[in-house]
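Line by line, the protein sequences are chains D and C. Read in order, the letters of the first sequence are residues 1 to 389 in the numbering used here. Read in order, the letters of the second sequence are residues 1 to 97 in the numbering used here.
None of these hints come from the bench; they were simulated from the model. One should not assume that every hint holds.
To be verified - Under the rule of at most 25 Å between Cα atoms (straight-line distance), these lysine to any residue pairs were calculated in the SDA-like manner:
| id | chain 1 | residue 1 | chain 2 | residue 2 |
| --- | --- | --- | --- | --- |
| 1 | C | Lys6 | D | Asp51 |
| 2 | D | Lys379 | C | Asn40 |
| 3 | C | Lys6 | D | Arg110 |
| 4 | D | Lys230 | C | Ala22 |
| 5 | D | Lys230 | C | Arg48 |
| 6 | C | Lys6 | D | Arg380 |
| 7 | D | Lys379 | C | Pro9 |
| 8 | D | Lys139 | C | Asp43 |
| 9 | D | Lys137 | C | Thr46 |
| 10 | C | Lys6 | D | Ala378 |
| 11 | D | Lys139 | D | Ala362 |
| 12 | C | Lys6 | C | Leu38 |
| 13 | C | Lys6 | D | Val68 |
| 14 | C | Lys6 | C | Val62 |
| 15 | D | Lys137 | C | Glu50 |
| 16 | D | Lys289 | D | Pro134 |
| 17 | C | Lys6 | D | Lys137 |
| 18 | D | Lys379 | C | Glu7 |
| 19 | D | Lys137 | C | Arg47 |
| 20 | C | Lys6 | D | Thr162 |
| 21 | D | Lys379 | C | Ala34 |
| 22 | C | Lys80 | D | Val68 |
| 23 | D | Lys137 | D | Ala255 |
| 24 | D | Lys230 | D | Ala373 |
| 25 | D | Lys230 | C | Gly20 |
| 26 | D | Lys289 | D | Ser135 |
Said to hold, decoys possible - Here chain C is said to cover these stretches of chain D; the calculated rule only asks that three of the stretch's residues, wherever they fall, bring their Cβ under 8 Å from a Cβ of chain C:
| id | segment |
| --- | --- |
| 27 | 192-204 |
| 28 | 366-379 |
A quick note: this is a predicted structure, and the numbers were derived from the prediction, not measured. Here a beta-carbon is modelled for each residue, glycine too, at the ideal position from N, C-alpha and C.
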Amino acid sequence: MHFRSLLQAIAGNGHCCNTEHVYGNDFNVPDEVAGAGLGAGAPGGPSHLLDEVAAAERALREAGAARVADPGVAADGDELLRYFDAVIEADQKIEPRDWMPDAYRQGLIRQIAQHAHSEIIGMQPEGNWISRAPSLKRKAILLAKVQDEAGHGLYLYAAAETLGVSRDALVELLLAGRQKYSSIFNYPTLTWADVGAIGWLVDGAAIVNQVPLCRCSYGPYARAMIRICKEESFHQRQGYEILHTLAHGTPGQKAMAQDAVNRWWYPSLAMFGPPDADSTHSQQSMTWKIKRFSNDELRQRFVDMCVQQASVLGLDIPDPDLRWNEQRQAHDYTQPDYTELMRVIKGDGPCNRQRAAHRHAAHADGAWVREAAAAYAAKRNAPTTKAAA
Amino acid sequence: MSETKKEWPLWEVFVRPRRGLAHSHVGSLHAPDAELALRNARDLYTRRQEGVSIWVVPAAAVVASSPDEKDSFFDPAADKVYRHPTFYQVPEGAAHL
Chain D
1 MHFRSLLQAI AGNGHCCNTE HVYGNDFNVP DEVAGAGLGA GAPGGPSHLL
51 DEVAAAERAL REAGAARVAD PGVAADGDEL LRYFDAVIEA DQKIEPRDWM
101 PDAYRQGLIR QIAQHAHSEI IGMQPEGNWI SRAPSLKRKA ILLAKVQDEA
151 GHGLYLYAAA ETLGVSRDAL VELLLAGRQK YSSIFNYPTL TWADVGAIGW
201 LVDGAAIVNQ VPLCRCSYGP YARAMIRICK EESFHQRQGY EILHTLAHGT
251 PGQKAMAQDA VNRWWYPSLA MFGPPDADST HSQQSMTWKI KRFSNDELRQ
301 RFVDMCVQQA SVLGLDIPDP DLRWNEQRQA HDYTQPDYTE LMRVIKGDGP
351 CNRQRAAHRH AAHADGAWVR EAAAAYAAKR NAPTTKAAA
Chain C
1 MSETKKEWPL WEVFVRPRRG LAHSHVGSLH APDAELALRN ARDLYTRRQE
51 GVSIWVVPAA AVVASSPDEK DSFFDPAADK VYRHPTFYQV PEGAAHL
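Okay, chain C solo, but in the shape it has when bound (with noise of 0.2 Å):
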């Protein structure tokens, strides 16, 4: 307690389960560089064979794309309903469409 410190960066910690898969984010932890961040992550977050391949990335290096999960930054996407195939109506006897 007495010491003078800075606390360690975050870093968010993303595993790819298994070949094929993505990489998805697991949770976040504290390391002072990126080799200790990758081991630390090692040892939290797949000490049961849960990954083949780990990311950590300084926390502080995500730009996020809105203040909360809900924002008129998606909205646009909204009223695009013709995006998908459910909005054409196929004409009878049309095959393999």
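Next up, chain D with everything else stripped away, as it sits in the complex (with noise of 0.2 Å):
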């Protein structure tokens, strides 16, 4: 019971998917919003997140029941793909061996894949900090975080894989510079006060970016979201309550915990990708129900829940244009620089080929346990072999 009171506040990690060039929600659905459950205008914004989890699972047991409307025979050979088509109508989900266009295995595989790398790269600005956290219990919270984000990458990278792509393909693409992992990862966690940041900020952006994948018509990447939005309702509420802390102690340390918001709110507002009229609107991602949010949309909803949040802080948000705007019934806010983050994403932020050299590294640092493992495993079943032969 005391971890699920730890479950009330929603998270995300700090890394959201990488759809067609960036990793955002690149597509357009301005009207699918009402009664989806991301909350709009909600004050609490988290728990309406993590309610809006919980009905994906339901509605994920649930869509099970609903009849396929049965496609008929059709004199073209066109029976697959209308019977696909007739599943995710009926809002049911497809599965590894049901049949599916290719572009629909291969979009996939690349959102997922980048969202796994985002996963594994996205330890390294936290991991940064855990010998140096100020308690014992701040090191052992962060330990937990830091893992919990490689099991959600070893998640994703087991979604893929039911596509038809093997890890080690991915992790070589990774490796490579090959495939892109979310451009937050590439700033510096200069302080203590940023490990705070990331959790209120990144895996706020992230969660409000990975809640609507709950719903996507892919079932192992469903479900896969479903777990990772549950196990990450732990990390918003433990980078809130290290900001609260900073903010209501000294001068200096509030002073501190300003900067670090001041350094992550233009990166987290970037981290939805590019405005709507600018980025690849995939209709087709929208049609097969991967993806159901606009970029904006978003990230409207994203500022609006952290208007209320950083006043319970007692910290500015640092947009002096940021105010509620009665028409819309929503707040008026400054863009990031989107310049800025096409260049981050290109390779050119601050951390970028620090993040990949760490990477490789880690890599070749753990072969010989990978070696090592392998050939136990060849020992141990070489007798039986050389029995049978």
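These two chains come separately, so use the hints to put the complex back together.
In structure tokens form, the structure reads like this:
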């Protein structure tokens, strides 16, 4: 029960799905919002998001009972496609061994892989602070959070593998820099307050992006996302607690918290990807029910959630133009610098090279463990093989 | 990357959430042998006490019914509505039936 209470706040890790050329939800569905449960304008935000994860899980269980309309016999040989469309139309899930269009398969592999890579690279900025966290409690919590991120990477690689790609192949693509990860992890964690700001803002932005993926039409991805969203629900709250503690500490601590928020605010807004007008609208992704909301729509939700939370912290959001717009029933805010976003994605961020170098080193350093384990397994299997021969 | 390697085999993981419930499939993982598959499954799928028992099964050992989830394999059951109690009309007045 104690742990359950920790789960009251939803959080994401600092990773969202990479899609076409970035990692946001670069598609457009302005009208599908109503009743979808993201809680537009809801002051609490997080608990609504958690409700949405639970609702997605219920929907996933119930969807199986829905009847898929019989597409009938097609003379043109398009029966498979028609059945695929009918399953999606009925809000049922596509499962690994179902026939699916190649573009659906390839698009999902890319999106899930880049999401997985983000989880793996996302361990670095916070891992940087495990040994320097200010108390044993904070160290233990941060260690658990970073371990979760590794786990989430593994769930996602496993989901991608159901589509016919091997994990080793995906790892190679990451190491070779041929697949991307969320650009947010190319920013440095300069102070302890950054760990708090990542939890509150980066995890907060990620969860706004990730919760709708719990309803993705591909079964293994939807199931992985439900698991991830539930497990990550402590991350955002722990970050918020760190900032709250600092903001109510000494003037120096409060200044450190404010500085972290100042540096992480705009990169967090950029996590949602380019504005709708400039993004690749994946109409297909929408039709296939892989994604459901536009970049700007999710970004707006995130801003609206953060304003109230910042006031409780007693910290300022670094945007002089941030104000409530009565007419729109939403906050007006300054857009992040999308030129910077593109530059960081292309490799020229503060830490791109460092992140890649660290991943390479970790992979190389682990080689002897992988080899030893494989050798041991081979040795243990050897006698029976020989006996049979 | 330079290592000459073969990918570790894939294992399917089943977790019994608590006594009285059946093991359910929760996902998969790679491990060199059964022992490490169990340990990795514990670390990956039961970090929050999600289970009291774990099965790991080599994915290659799973025999599945049909190439997709829609198959004539299950069709014979479709026209046997008489297997359900609701098929029968209970005469007026018959109790405990």
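A quick look at each hint next to the structure:
no., hint, verdict
1, C:Lys6 x D:Asp51, "43 Å, violated"
2, D:Lys379 x C:Asn40, "20 Å, holds"
3, C:Lys6 x D:Arg110, "23 Å, holds"
4, D:Lys230 x C:Ala22, "22 Å, holds"
5, D:Lys230 x C:Arg48, "11 Å, holds"
6, C:Lys6 x D:Arg380, "17 Å, holds"
7, D:Lys379 x C:Pro9, "15 Å, holds"
8, D:Lys139 x C:Asp43, "19 Å, holds"
9, D:Lys137 x C:Thr46, "22 Å, holds"
10, C:Lys6 x D:Ala378, "11 Å, holds"
11, D:Lys139 x D:Ala362, "21 Å, holds"
12, C:Lys6 x C:Leu38, "20 Å, holds"
13, C:Lys6 x D:Val68, "41 Å, violated"
14, C:Lys6 x C:Val62, "21 Å, holds"
15, D:Lys137 x C:Glu50, "23 Å, holds"
16, D:Lys289 x D:Pro134, "44 Å, violated"
17, C:Lys6 x D:Lys137, "40 Å, violated"
18, D:Lys379 x C:Glu7, "16 Å, holds"
19, D:Lys137 x C:Arg47, "18 Å, holds"
20, C:Lys6 x D:Thr162, "19 Å, holds"
21, D:Lys379 x C:Ala34, "14 Å, holds"
22, C:Lys80 x D:Val68, "20 Å, holds"
23, D:Lys137 x D:Ala255, "23 Å, holds"
24, D:Lys230 x D:Ala373, "32 Å, violated"
25, D:Lys230 x C:Gly20, "24 Å, holds"
26, D:Lys289 x D:Ser135, "44 Å, violated"
27, 192-204, "violated (count 0)"
28, 366-379, "holds (count 7)"
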